[in-house]
Amino acid sequence: MPGAMGRGPVENLRYAHELGMAGVFFRTVLDMTPDLDLGLLREVRACADELGLYLEAGLGKVNPYAIPEAPELRAAGDGDTLLGFRRMIEACAAVGITELWTGTGNSKPYPGRFQYDRFRTDVSWSDQLKATAKFLGLLGGIARDHGVHVNLETHEEITSFELVRLIEEAGPDAFGIVYDTTNCLQRGEDPIRTAQRVAPYVRQTHIKDAALSLSAAGVRYQERTVGRGIVDFAQILPMLHAVNPGLNLTLENAQPWEEVLLTYPTFTMDLMPERGVATIEVFDPAWQAEHPDFSVAEMGAYLAAAQRCDELMAAGELAGFEETKRSSYTLDDAVADALESAAYVRDLVASLGLAP
Amino acid sequence: MTASSAVLAPPARLGVHATSLADHRLAPAAAVALAAQHGFTACLFNSVFDVSPRLDAGEITGLAALAADLGVTVTVGSVSLHPFRASSDRRLLVAGDGDALAGLRRMLEASALLPDRDLLTIIGRIEDRHDRLVPWPEQLRAAGDLLGRLAPLLRDTGMRLAVKTHEEITRAEAARLVDAAGDDVAGVALDPVNLLVNLDDPVRTARELGGVVTQVIVDDGVLVMTDGAVRRLLCPVGEGIVDWPGVRAATGGRQPTWWVELHRGQFTLAPFDMDWIFHHPDLTREELGAGVRHVLAATRRLDAGRIRRLSAAQACPAGRLAATTAATCELLALPSGPTASFGVRASNNRSTSD
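First to last, the sequence lines map onto chains F and D.
Per our numbering, the very first residue in the first sequence carries number 1; after that it's consecutive.
Per our numbering, the very first residue in the second sequence carries number 1; after that it's consecutive.
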């Protein structure tokens, strides 16, 4: 939410309401209250109920190799990380927040593949997945005791294949998926195929859009305001609705650049001169080797999506990469994008007959 | 064996496909004469029926003798051996008095009157690969059965087939056919510009099939993306994307015969179409990725004017004979023959098959 960092959680709810939004998704419960103040959480809940807003939140990273990068998780348990997760779950459950976001990695401000924890050189991705699966095993009992779902995001470092395997192994009674609609485009996945795989487990969403373009260096990726990219929401939303009619659609638009630096102090303009762009090196055998589920069919569907996007841009039906390129992104820009995205999603939901 | 031949490999043999000498059809004797003028030492006809429609021994040996005087070997291929069409090939039926198998034996016996033993053979056509009524894998199985059935005939006559990597068949499919038939009766005619149509890498193919490659077909091309489709545009050797030194290195040890054949077929490939990918079950993600990257890079390098000029030249392949021959002689370290100082007439004679 634009400007979220400058407001407290209750103020954020009120601002969301002013913008005409139907709810708020706080990334982690610690974003609302770093010391898990139950009184404050009850105020937040009361405000949400008063305004008729849905309230979602989350825990943190569940990859033990990424957890040390968020020391607040260990601190929440006074040095006992698992206890920290238990306390966060208890606090959320106490105020009726039962769908809880988590993730498997942290984006890094480095070029190319080193942006993703998948390509860490100190620990293999398969070891990270194994460690994550074990940690989910530890969380499962706690989640079941409190009647919550721990939902892992289709974050940019993980494939939907891997995520679905994690959920199926850990148990869909206590685990689910936060479906981010563009992150898998950075893993060489066609958005429709991703949606087909994850749909049975989706309990929370990050609605985003992006454009793709073919280049000899790989597939270029550019984040876009929802409705201005290649993600075919008209196909995807009915798939999600068929499984989970009460699913909340949460916009996750780009943060104003000055807020990015406050949230991620290492994401400096020096290291990341361009925001929301990436080149996905799908042609590189080294990249392919790190994606064992990336079959010929998957690659074909992904390249086809990029090629379709190129055609739409060439025909003027979508804006081109250069004209969409941002040299700045202010709070006002973020607000305008949020409103445009919300209107797009609302119109689409209504036209598809999916409105509650 | 003399000391020198033990050290130096014999020079590669470079011949020319009779249909590539001009953009119009040439009588066999005229083709042989033209081949000699270009400095080729062999001239390849589609089949012995092109040399003598009635398989007349005198006519065949007569042409061979005439050619030998000019320093040219007359070589022939086989009729196309598609399992569902060969048996209705009119030439075979006539030669066999209504029995296509007998006709094929007669074709082999007539071919055996000439010095070469490897018959360049095409299995099908591009549309066969996309036949929805009888899927290509079924046609391939039948083709394998057919080659198996012909094996005794080939052994009897001392002939071998050189299965061409034609546009409808992939490296892996050709390799399986030849493996099943046995290398005493079948080898491969490596045709790189056709491999491009299926995103098979010519050098990788040459490395993998090197042991059974008895012929190499020389031509070149680029793959470019225009209007969302990927087109193969043929061009003189050296100006395209085939890594000819790489192909040469991978096949050199076996002394295949090299044929300049200037293709005419204008094909598109559809690596962004899931149906096309489905019809290429042996394609790996490495090859798909490398192929698409190649297309993107080549498209970026070629300006619109060059693409237009290449497109316009596709119908007149003989126009690239001189440049391709010179480049191939250099590749094979052969003395370059006299280039055409006689006019080569362009015509609208176009084939849809390579």
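Some hints could be false.
Label pairs and their computed distance ranges (CB to CB) [claimed, not checked]:
id, chain 1, residue 1, chain 2, residue 2, range
1, D, Arg-306, F, Gly-20, 52 to 62 Å
2, F, Pro-285, D, Phe-84, 37 to 47 Å
3, F, Leu-83, D, Pro-281, 45 to 55 Å
4, F, Ala-315, D, Gly-211, 48 to 58 Å
5, F, Ala-315, D, Pro-137, 30 to 40 Å
Rather than coming from a laboratory, the hints here were simulated on the basis of the structure.
The structure displayed is predicted, hence computed values, not measured ones.
Backbone N, C-alpha and C fix where the C-beta goes; we use that ideal spot for every residue, glycine too.
Going through the hints against the structure:
1. Arg-306/D / Gly-20/F: 52 to 62 Å: 54 Å, holds
2. Pro-285/F / Phe-84/D: 37 to 47 Å: Check passed, 39 Å falls within 37 to 47 Å.
3. Leu-83/F / Pro-281/D: 45 to 55 Å: Because 52 Å falls inside the window, the suggested range holds.
4. Ala-315/F / Gly-211/D: 48 to 58 Å: 49 Å, holds
5. Ala-315/F / Pro-137/D: 30 to 40 Å: 37 Å, holds
In summary, this structure violates none of the numbered hints.
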